[in-house]
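Peer 1: Sequence:
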Amino acid sequence: MSEIKINAALVAGLTATALGIPTASEGKDFSKPAVTLPWAAWFNLPASTDPSSLGAGGMDETVGVFQVDLNYPMNDGTVNILAAVQKLRDYFVAGRRLVYQTQCVHIERVTRNNLRPVDGWQQINVSIYYSANTIRPEV
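Heads up, the sequence shown is in UniProt numbering, so the first residue is 1 and it goes up one at a time.
In short, the hints are calculated from the structure, not lab data. Where hints are given, some of them may not hold.
Ranges between beta-carbon positions, derived for each pair [unchecked claim]: (1) ALA83 - PRO117: 41 to 49 Å; (2) PHE30 - PRO137: 28 to 36 Å; (3) SER2 - ASP76: 36 to 44 Å.
Simulated pairs of lysine-lysine, DSS-like, Cα-Cα distance not exceeding 27 Å [as the list claims (entries may be wrong)]: (4) LYS32 - LYS87; (5) LYS28 - LYS87; (6) LYS5 - LYS28; (7) LYS87 - LYS5.
The C-beta atom is built at its ideal place from N, Cα and C for all residues, glycine as well.
Based on the sequences and whatever the hints tell you, model everything.
Peer 2: See below:
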């Protein structure tokens, strides 16, 4: 269940940023809008889950990257896409705790790559690094 709860906490955080543009969800069909309109897509990229204590009922730490791809019209300049980057940075600040059904996800940091053309849009990928501790089930 922790995988589901971690993912749900991150998606709820993205919703709270109120980007105001159509957003593709991982694992769901999405029709891209016309190349004159902006849109986003998100992907949860878990890196590893490692024990942080031993034994049944111990703790595991999951770390990963929640990536948000921002796609804005070509030749739109940088103001609009950078405003969206800033909304994500402002919400997912280092130290923020996102909680979904008692599962806490800690935000570590936010980075972005350079603006570049991708499939008819200009794109910036925003990487939100996170960690979450979960209780290992007893067997």
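Peer 1: Against which earlier hints does the structure fall short, listed by number upward?
Peer 2: Violated: hint 1 alone.
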